[in-house]
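Put chain B on the given structure of chain A with help from the hints.
2 protein chains.
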Amino acid sequence: MEKHFSLDDILAMERFYRRDFMNTISGFRSCQLLGTVSHKGVPNLGLFNSVTHIGATPPLLGFVMRPLTVPRQTYHNIKAKGYFTLNQVTESIYQQAHQASAKYGPEESEFEAVGLHEQYTDTHPAPYVKESPIKLGLQLEEEHPIQANGTLFIVGKVIEVLIEDSLIAEDGHIKLEYGEVVSVAGLDSYFAPKLLSRLRYARPGDEVERLK
Amino acid sequence: MEKHFSLDDILAMERFYRRDFMNTISGFRSCQLLGTVSHKGVPNLGLFNSVTHIGATPPLLGFVMRPLTVPRQTYHNIKAKGYFTLNQVTESIYQQAHQASAKYGPEESEFEAVGLHEQYTDTHPAPYVKESPIKLGLQLEEEHPIQANGTLFIVGKVIEVLIEDSLIAEDGHIKLEYGEVVSVAGLDSYFAPKLLSRLRYARPGDEVERLK
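Keeping their order, the protein sequence lines are chains A and B.
Per our numbering, residue 126 is the first one in the first sequence, and the count goes up by one each step.
Per our numbering, residue 126 is the first one in the second sequence, and the count goes up by one each step.
It cannot be assumed that every hint is accurate.
Given that identical chains are not distinguished, each listed pair holds provided it fits within a single copy or across any two copies.
[To be verified] Pairs of lysine-lysine residues, derived as PhoX-like cross-links and limited to a Cα-Cα distance of at most 25 Å, are as follows: (1) Lys-300 x Lys-319; (2) Lys-228 x Lys-282; (3) Lys-255 x Lys-128; (4) Lys-128 x Lys-282; (5) Lys-204 x Lys-319; (6) Lys-255 x Lys-228; (7) Lys-300 x Lys-128; (8) Lys-228 x Lys-206; (9) Lys-165 x Lys-255; (10) Lys-128 x Lys-165; (11) Lys-300 x Lys-204; (12) Lys-165 x Lys-204; (13) Lys-204 x Lys-255; (14) Lys-228 x Lys-165; (15) Lys-282 x Lys-319; (16) Lys-165 x Lys-319; (17) Lys-300 x Lys-206.
Quick caveat, the hints were computed from the structure, so don't treat them as lab data.
Just so it is clear, the structure is predicted and the values come from calculations on it, not from any experiment.
Okay, chain A solo, but in the shape it has when bound (with noise of 0.2 Å):
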């Protein structure tokens, strides 16, 4: 039976309920590793499931921090350093990558707390997951607060991939399912994709068509 909510029904729910019934409503979401180092040189891994393709040309993406009303090591990092990574979590360290959301300390790295492994290359400052096999090298491009709850979309640009080249298709598609990443719903749960199919790119009277 189809149930209706309400605005008032919704800010009624027991507040624990309202977060997983509004974090799961949104669906699927990317699940991913976003690595910084902070001044002093420690490296920080954070969870993190907002990250939103923005375009290609320039590649940019961008994600949701959580208000500043207490201090965000991820963000405090970025806004000093202005690099940042995103590694693609996988089944393989779907685990190590949850006991990452914990709340650590500033002066603790994520990496060792969890048993993850840094990379790093000579072209970007920020630490990549080396056990990812898809990873992604951003700076900082802008900020964007959002005034009904104090939230910030960030938006970077890509400026380094490092990816196993298996996973790309011949036409530039990347195989996510080969590479076993994950998918996740609200804050806790995680899922292993199954592909339906690829369809063809859609035109007004056309018949649908699956391409695989």
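Then chain B, alone, in the frame of chain A:
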């Protein structure tokens, strides 16, 4: 083998290759039909795969609107009316949803063109997709122009939810997989996510624990 791409390498890619590469590399996405109605009363559907959770209190979602270099019916209708709906795409309607991404004219209803049905409530003016088990009614809240590429990050407040009650778990979590909600990679690859596990809230020093 790990392949390395610099920003110059990415910008030197053939245009469609780069579009596929960058659209898939950001990971799995949500997939929703966005419903609006024009000032002439023509209902409109658009397919969006950038919808992102922004906050639960108040309930806010955001999505990326492509540059206004061509007429965008969805944007025009949202600005004219102030309201829109988001309807989760499921395994049984993803081919129709994909067809709704074709460029139909402003006098044509995508509902009719692809064979989906409108549903209205007395409390929200935009059309819902009857066939979707998870429907959100939103009010336009903010728009943030992304300087780097001319896209817009649109923020809406959820003021109504219509949902199959069997999809709501006791703690408020929405069981997307029971509703056969799909995820999408890039612009055309549709996935059915399978649950790996739900993990307990992480605290420093704890072992990772499965809730299910």
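Consistency of the hints with the structure:
1. Lys-300 x Lys-319: both (11 Å within a copy, 17 Å between copies)
2. Lys-228 x Lys-282: So Lys-228 and Lys-282 fail the 25 Å test inside a copy (27 Å) and across (29 Å) alike.
3. Lys-255 x Lys-128: This pair counts as between: shortest inter-copy Cα distance 13 Å, intra-copy 45 Å.
4. Lys-128 x Lys-282: between (42 Å within a copy, 19 Å between copies)
5. Lys-204 x Lys-319: Intra 37 Å, inter 37 Å, cutoff 25 Å: neither.
6. Lys-255 x Lys-228: Close inside one copy (22 Å), not across copies (42 Å); limit 25 Å.
7. Lys-300 x Lys-128: So Lys-300 and Lys-128 pass the 25 Å test across copies only (15 Å; inside, 37 Å).
8. Lys-228 x Lys-206: This pair counts as within: shortest intra-copy Cα distance 21 Å, inter-copy 43 Å.
9. Lys-165 x Lys-255: within (22 Å within a copy, 55 Å between copies)
10. Lys-128 x Lys-165: neither (52 Å within a copy, 30 Å between copies)
11. Lys-300 x Lys-204: neither (32 Å within a copy, 37 Å between copies)
12. Lys-165 x Lys-204: within (14 Å within a copy, 47 Å between copies)
13. Lys-204 x Lys-255: within (24 Å within a copy, 45 Å between copies)
14. Lys-228 x Lys-165: within (19 Å within a copy, 52 Å between copies)
15. Lys-282 x Lys-319: This pair counts as neither: shortest intra-copy Cα distance 29 Å, inter-copy 31 Å.
16. Lys-165 x Lys-319: neither (42 Å within a copy, 41 Å between copies)
17. Lys-300 x Lys-206: Classified as neither; 32 Å inside a copy, 39 Å across copies.
Taken one by one, the earlier hints fail for this structure at numbers 2, 5, 10, 11, 15, 16, 17, listed in ascending order.
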